[in-house]
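Quick mapping for you: the protein sequence lines, in order, are chains A and B. Our numbering numbers the first residue of the first sequence as 1 and each following residue consecutively. Our numbering numbers the first residue of the second sequence as 1 and each following residue consecutively.
Straight-line C-alpha distance at most 30 angstroms; calculated BS3-like pairs for lysine-lysine:
#1 A:Lys-162 / A:Lys-210
#2 A:Lys-156 / B:Lys-48
#3 A:Lys-48 / B:Lys-162
#4 B:Lys-156 / A:Lys-48
#5 B:Lys-48 / A:Lys-162
#6 A:Lys-205 / A:Lys-162
#7 B:Lys-125 / A:Lys-125
If you are wondering where the hints come from, they were derived from the structure by calculation, not from laboratory data. All of these numbers come straight from a predicted model, not from anything done at the bench.
There are 2 protein chains.
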Amino acid sequence: MTYDLWYWDGIPGRGEFVRLALEAGGIPYRECAREAGQASGLATDWQKARDDPPFAPPYLVADGMTIAQTANILHFLGERHGLAPADMAGRIWVNQLQLTIADAVAEAHDVHHPIAAGLYYEDQKPEAARRALSFRDERMPRFLGYFEGILERRGKWLAGGKRWTYADLSAFQLLEGLDFAFPRRMRTLRPTIPRLRRLQAAVRKLDALKGYLASERRLAFGDGIFRHYPELDGP
Amino acid sequence: MTYDLWYWDGIPGRGEFVRLALEAGGIPYRECAREAGQASGLATDWQKARDDPPFAPPYLVADGMTIAQTANILHFLGERHGLAPADMAGRIWVNQLQLTIADAVAEAHDVHHPIAAGLYYEDQKPEAARRALSFRDERMPRFLGYFEGILERRGKWLAGGKRWTYADLSAFQLLEGLDFAFPRRMRTLRPTIPRLRRLQAAVRKLDALKGYLASERRLAFGDGIFRHYPELDGP
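So here's chain A without its partners, still in its complex pose (with noise of 0.2 angstroms):
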């Protein structure tokens, strides 16, 4: 079957935590967004045609469910084909690190917004630069040395194994979005994640990945959750 994927258009955002999973999985979808082609198509969908209207995108439409959460998504994606361990402790485990990379995906948006989602950067300024230090100072370093840490333990892949989970793809697009919207900290950070680094080599090498990568599907960071204003980046 192929699924209805539903995200802003124009941005990769959260929708992409979810795209990679399919590309990487081989699992055919449909970007209804796009397809729509025009702004006000998801607002309809979301909005009028759905039972139980999800609070935000993404949402995945399959089998008459309407599921929404990134995570929630990830674990249905994963479950239904072996984007994660089959026993409950693997599946278990890649929910909390995926529940973990989220966490800091919030973290990373409220940087440019950290006093409210409905008022423009600009509204929001100084205090933008006093979160983005801290963001910068202390969280970085903290979310990006715990995965560090896993790996360390146990292996090229976050779960272990010899084959990657939907929480490697997310981590690596973690990655690609942080190296967006703070370079120069990541620079600075490069020496202490050797092992991310490799993770985030190895995800972009993947066979199923390597045409959507190079493709027109996969947006650009821009104004969505990764933003790059260097006023808030720093060594």
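Once you have looked at the hints, place chain B on chain A.
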């Protein structure tokens, strides 16, 4: 078996979402940090006793697994102890609800800590005042209206059906926390959420919870996620 629950002592915090599920499910557990009898008990276990130290408490130790991330712990308990529907659609729906509740909880926390969790509230008061305004005016009605709408469509409990799930317990705790932190705002919003108020009252009266809620084990709100600063509340 008896589970080991590790969480900071002295605040309900995120640990309380797990406690409510354990208590309502009649599942034996030990409150390890409290039993350890010293402030360092949790830190020692967390950082020295665990093969894969979680990113943050709460965590549950069960069958040799160390399970962290509140929604992940609840997903595990839900599946293992029947605190969520057994079919995939039901499990996914309850997990989705829980993740949306977790988003609301994180935002409620960031109202008083918009700049950095590592700073005191006193060091980020002007920013907190701005964030509180947007949380009260936009985010509270949005989150509460979302859950109210679900009850309107599904009935007494968030997953429909005749029995509560762990997401109902968490919705109860979210409402209790918001009542504590934003009493004026919650008074204004009361007419808009009659079904949520009935859910809150129904959880409070559950036979399996009544004893717990009246006991000393149920910690009062204070300096945790939900904090009452009158200057951050408003009509």
